[in-house]
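> Residues per chain are reported as follows:
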Amino acid sequence: DAGVTQSPTHLIKTRGQHVTLRCSPISGHKSVSWYQQVLGQGPQFIFQYYEKEERGRGNFPDRFSARQFPNYSSELNVNALLLGDSALYLCASYTTGDYGYTFGSGTRLTVV
Amino acid sequence: DAKTTQPNSMESNEEEPVHLPCNHSTISGTDYIHWYRQLPSQGPEYVIHGLTSNVNNRMASLAIAEDRKSSTLILHRATLRDAAVYYCILRDVMDSNYQLIWGAGTKLIIKP
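Here the protein sequences come in this chain order: A and B.
Taking the numbering used here, the leading residue of the first sequence gets 1, the next gets one more, and so forth.
Taking the numbering used here, the leading residue of the second sequence gets 1, the next gets one more, and so forth.
Okay, chain A solo, but in the shape it has when bound (with noise of 0.2 Å):
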């Protein structure tokens, strides 16, 4: 079976654009969630969804925003891109029963 799956792997993008993060979850997982990790710290939470809906949102600013698809796949939109976006963007995914989330490998977004 597929893991989760993020595109792009990389990106670079100039200040002030707008940039979209793809994430399709393992097959019959309803749960993603969004996770922002800048070099050498952990992660950090930045949205949750479940059947659509928002479930969770951390303690990012209104330029982020994310939405889930019929199919469970996600997206995580970022408007006005500071340099301080620049990180490593994280999607998981999770089911009920499982014992823990599973991760995608990220994008590794580049603002210059």
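The set of hints was computed from the structure by calculation and includes no laboratory data.
Glycine included, every Cβ here is placed at the ideal spot set by N, Cα and C.
There's no promise every hint is true.
What the hints assert, rightly or not - Derived DEER-like restraints, expressed as beta-carbon distance ranges:
id : chain 1 : residue 1 : chain 2 : residue 2 : range
1  : B       : E15       : A       : S65       : 42 to 52 Å
2  : A       : P70       : B       : L80       : 35 to 45 Å
3  : A       : G28       : B       : I74       : 31 to 41 Å
4  : A       : Q17       : B       : P112      : 43 to 53 Å
5  : B       : R77       : A       : F60       : 39 to 49 Å
6  : B       : A65       : A       : P70       : 40 to 50 Å
7  : A       : L39       : B       : K111      : 42 to 52 Å
8  : A       : G40       : B       : P112      : 21 to 31 Å
As the list claims (entries may be wrong) - Okay, the calculated bits of chain B under chain A, using three or more residues with CB under 8 Å as the criterion:
id : stretch
9  : 11-25
10 : 63-75
Said to hold, decoys possible - Calculated from the model, a selection of chain B residues having no Cβ within reach of chain A, i.e. all distances over 10 Å:
id : residue
11 : P7
12 : T30
13 : H49
14 : L51
15 : N56
16 : R81
With chain A held as given, fit chain B onto it using these hints.
Positioned in the frame of chain A, the structure of chain B alone reads:
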């Protein structure tokens, strides 16, 4: 903020056991102790979790102190592939968001 504290780094020799400590003095009765690890250039990977009793799986063992204020992840025979950042995380089962709050983790260095 993370509710756990871990050493920044540890070194161990290949094929020897490794004990990774974690302090969580403010743990509540509904907090599970989770361990994840992150290999270089990859997303985090679930390792093990427990509530009160010691736990074993194919990857590692988790030893939990009787007062639950500390725990130790045990890798019985470290290999070079175990070199990673190891994160100890408390997850409240009453938290419907399933948000994981990560610290900086312990960077495990394996010497050949």
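> Could one say that the CB atoms of L39(A) and K111(B) fall in the range 42 to 52 Å?
violated, 24 Å
> Quick one: are G40(A) and P112(B) within 21 to 31 Å, going by C-beta?
Given a distance of about 25 Å, which is inside 21 to 31 Å, the answer is holds.
> Within 35 to 45 Å: is that where the Cβ-Cβ distance between P70(A) and L80(B) falls?
holds, 43 Å
> If you check the beta carbons of Q17(A) and P112(B), does the distance land in 43 to 53 Å?
Taking Cβ atoms as reference, Q17(A) and P112(B) lie about 45 Å apart, which means the hint holds.
> Are all C-beta atoms of chain A more than 10 Å from that of N56(B)?
Check passes; 13 Å lies beyond 10 Å.
> Please test the hint of 42 to 52 Å on the beta carbon pair from E15(B) and S65(A).
At roughly 48 Å between Cβ atoms, S65(A) and E15(B) fall inside 42 to 52 Å, so the hint holds.
> Take the stretch 63-75 of chain B, compare each residue's beta carbon with every beta carbon of chain A, and decide whether three or more fall closer than 8 Å.
Violated, because only 0 residues of the stretch 63-75 of chain B bring their Cβ atoms closer than 8 Å to Cβ atoms of chain A.
> Against the range 39 to 49 Å, how does the distance between the Cβ atoms of R77(B) and F60(A) compare: consistent or not?
41 Å Cβ-Cβ, so the 39 to 49 Å window holds.
> Check the non-interface label on H49(B): least C-beta distance to chain A beyond 10 Å or not.
violated, 6 Å
> Would the non-interface assignment of R81(B) survive a Cβ cutoff of 10 Å against chain A?
Check passes; 16 Å lies beyond 10 Å.
> Under a C-beta cut-off of less than 8 Å, do 3 or more residues of the stretch 11-25 of chain B approach chain A closely enough to confirm the stated coverage?
violated (count 0)
> So is P7(B) really clear of chain A, every C-beta pair being over 10 Å apart?
With a cut-off of 10 Å, P7(B) remains clear of chain A, as the shortest Cβ separation is near 14 Å.
The structure is inconsistent with the numbered hints 7, 9, 10 and 13, although it conforms to all the rest.
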